[in-house]
Amino acid sequence: MHRDLVDGVANTLTRQPTRVASLTDAASNVVDPLVNNGAAIGGALQSAMQVLDQLSDIGRALPFVAPAFVLFKIIIDLEKKAQDVDAKCSDLIERITFMLSHLPALQGVEIMGPTRQVIDRINETLKGAASLIAAYRKQGRVARRLSLSNRDKFTVCARSINTCCSDLLMSLQINQTVQLDILTRAVPIDDEDKAAQTFVEEHGGSVDAVMHDRELVKEFAQQQHLVMDDSVMEQLNQNISDSMQQNSARLESILLENVNSAIAGGLKNLALEFNALEAEQKFICVQCEKEFTNYTNGPLACSFHRSEYDSWRKHYPCCSTAHPCQHGAHRAKHHCDYPYGNFFARAWGITNYVDTKTEWASVEDTNLETNDDQKAYVGQLLRWKSKGDRLEENTILVIVGRVWYRTPYYFNTFTAKELEDITKSVRLSRRTLIYRTSPNENEYAMAEWILSVSGKITGIRLTAKAATSTNPWVRVCPIDLSTCTKSGDILTTSEGGLRAYMPASPYVLPETVSYGPVLKDEQVRPPRTNFKTRTTPALRVILKAMSDPPLEANPQFANHSFDYFVGKVSIFNNNAPGSLNPITIASLSAAYRLVGDAAYAPVKETKLLDGDFLLPATIEPRQSLTLNFQVLVPRTEEDTKLAINWWNRSFVARHRPIRIKLIVEDIEGEQCSLVMEYIFKPFKLETRKDKDLGFFFFDNPQTFDRYYVHVEPMDSKDSVIRIASNELTVTKLKKVVYQALKTGKTEVDLEIGQEKEDGLWEWHAWALVDISCRRVYAFKIMLHEGKKVPVKRMGTLGYVACPEYGDVVNKARPISYATEIARLPAMDIYTAPEYVQDDNLDDFKPPVPPKPATPIAEVSPASASFSSNGGSPAIPPDLTVRLTSIDTNLARIADALERLVAVLPTTSPNGRAH
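If you're matching positions, the sequence shown starts at 13 in my numbering and goes up one per residue.
Treat the hints as calculated values from the structure; they're not laboratory data. Backbone N, C-alpha and C define an ideal beta-carbon position, used for all residues, glycine too. Mixed in with the good hints, there may be bad ones.
[Claimed, not checked] No more than 30 Å apart at the CA atoms, straight line, and that leaves these computed lysine-lysine pairs for DSSO-like:
| hint | residue 1 | residue 2 |
| --- | --- | --- |
| 1 | 754 | 729 |
| 2 | 823 | 804 |
| 3 | 757 | 693 |
| 4 | 757 | 532 |
| 5 | 498 | 556 |
| 6 | 93 | 369 |
[Unchecked claim] Simulated restraints on C-beta separations:
| hint | residue 1 | residue 2 | range |
| --- | --- | --- | --- |
| 7 | 329 | 429 | 36 to 44 Å |
| 8 | 770 | 402 | 53 to 61 Å |
| 9 | 402 | 468 | 22 to 30 Å |
| 10 | 164 | 492 | 36 to 44 Å |
| 11 | 335 | 395 | 32 to 40 Å |
| 12 | 501 | 479 | 29 to 37 Å |
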């Protein structure tokens, strides 16, 4: 070496003892043997940052050294953001810190060619170290440990650093002053790396075989309590050297763009775009929807709920609290390794719609005791959500189990490229299992890859078995690996579940048995409208009903204690026009009776419905007054206890017509009346529908109700029949048959019956099982009066044949009928009462007018002017009658005025009313 270089170094060390000593102390902090814990790693980074801070102005004096400091800053920032401790990365930082801590000695030295070459090698070595750390940190924890070749790359990088240190130390002639243990030691190994090496050795020693075996990778991840997802297999298939080359090229670009500004700022304000590095790529977590990077991710970085939020019950079903109940690492891709709330919205957005997928094959088996389903599905994914854009690339959808946070499930998609990667793994490992819900051989669901002799994936096998089934359901779906499509017909290799046999002869069912009357929903007759006004000679009026029908019942209001009747009546003053005979109506009242009763009874209330109109009111001769009225007819005590409200129908008159006598009274107390009749018109009673398989009912004549049960067929594949809004599925009927086979009871209560109207009536349904053919062959329906009725008199028992359902073995067996136990309660004979529907009590025939009197002989005017005995003038007979009538009318008018004055308010002398 040149003598002047040695002298220059010596002079520099003499002039800067303090600075060199401080750098030496900082470097000595990392010379100690590596301790694999957080404190040691923190110390290594702290020492590196101290050295970098103290070298902040070296770049101005030695521009060609500045790239080394920029790269050192990048390495430190990368490691500062890392969430876990790694001995290999810390070892590189210690070596780099040691190397760069001696560069200040070059400030007072004349830089010669050999020294420039050493610095250039340092820059290249640091660029390689930064590229390696960035690519290494980009790998997930599982891939980082199982990629055993990573340690070799760290060893190569450490040797490069050692070589640079040797060249630098020889150039500076300070080899004798520094401890060189950090350069002579081997690259350390983490405990996780040792565990990975042991795991590989335990499974054959082939790293490639383990790395391409998803189940082995998953097993290792579980042993190390690490996250295992699809990205792990992708990382294991990637070459870290390719990533390092990309990082190196990007670092070269960063140095060209930023080194000048870094020199000007003395490294204090260095702002490099580290996000451009792949290791700093930002992701959105699918579990918590927060942003993260690989460096900011950690084992407990993410908080989430296991289930989706229930907007109906306003809580999370997994924990019933608003706070996240689960913690783990952030995940950038949806997965089914464990449940999290956001996954279910995504999955149900696909499974709940028909335009998102096309089914190729599926199997399902149900435990007939626990009702747990075991199912598997394979098909083509068309869209990620309903009405969304169709996928450009063919994608296979595989679902195993029930997608729910409480049950094991698998939900994943595969493209042609992904199938190629899986083929490599399966070919090496021969592990064909995609997913299995349980290791239990009695009950599970499973999906498997089917391989050709050469190890190529040719299809998927789906299996589902419940504990109550002897055999599993197994179907095979062939797949074209290159196009990711179904390549042939679905093959069923095993049929499971509880399957029925064909009956050798038809079933004969008993006839329907009914007790009680059958009501008619027709009006017995129209209401009579020929009733005449009854009045006195002194009250010459005519009453006429103006509504049709004359009376309406409960049109707007209903009450269980009485019925409202409304109508319209016209009151006509029948006196001759021009006569002085106005009529003043003082009041309106009413009475009622049911046809067949001997007398009328007063109504509860009578009132006018004309708003502000009040009586009394005066009607001039040959004029009329129309009144809208409402009367309240009380119910009997027995009817009131039934507490039934009817609109537009009268409960009082349901058996017999009701007649309401409307009574009009004038101001003199004279009365007239008119009878109006109401005939009950029943509600439309329920009848059998065209599509019904059965219709069973009995009628209650007391309340005029029909109690019924419809039995209808179902059009869907899974449902068989509907009994009174209760759908019976294929699975339900299989459970019934299984119960009958297990208990020996062939008449099985379906437990869908109900007690109606607080015990007024009830119905029940049973399934009748043919245990020979292993099928439900009929349903028995029973309706009768309930516990509220102590003496039973009405009910019905009927049968309905069960439609064909489910998968049937094409083999006939002799039929066997169920042993029936349920019977109708003992029934008393019901005798329908006879109700009178008409009588003549209100018929009225006006009296026949008297015959005219004998004519009086005419008298001459002369003789008529005087009487025969006194000579007084004689009064003609017709004049006498008229005078008498005038006197009578005057007397009535006077009496009416007196009454009117009596009811009108009086006025005091000062003008005020009393």
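Right, here's what the structure says about each hint:
1. With a CA separation close to 27 Å, the supplied pair residue 754 and residue 729 stays within the 30 Å bound.
2. At most 30 Å may separate the alpha-carbon atoms for a hinted pair to count; residue 823 and residue 804 exceed this at roughly 46 Å.
3. Restraint check for residue 757 and residue 693: the C-alpha separation of about 48 Å exceeds 30 Å, so the hint is violated.
4. For the given pair, residue 757 sits about 40 Å from residue 532 by alpha-carbon distance, which is inconsistent with the 30 Å threshold.
5. Between residue 498 and residue 556 the alpha-carbon distance is near 85 Å, which puts this suggested pair outside the 30 Å criterion.
6. Distance restraint check for residue 93 and residue 369: the Cα-Cα separation of roughly 42 Å exceeds the 30 Å cut-off, and the hinted pair is therefore not satisfied.
7. Between residue 329 and residue 429 the Cβ separation comes to about 37 Å, which falls inside the hinted range of 36 to 44 Å.
8. For residue 770 and residue 402, the hinted distance range of 53 to 61 Å is satisfied, since their beta carbons lie about 56 Å from each other.
9. For residue 402 and residue 468, the hinted distance range of 22 to 30 Å is satisfied, since their beta carbons lie about 28 Å from each other.
10. About 40 Å separates the C-beta atoms of residue 164 and residue 492, a value consistent with the hinted range of 36 to 44 Å.
11. Residue 335 and residue 395 have their C-beta atoms about 34 Å apart, which keeps the hinted 32 to 40 Å range intact.
12. Against the hinted window of 29 to 37 Å, the Cβ-Cβ separation of residue 501 and residue 479 comes to about 30 Å, which satisfies the hint.
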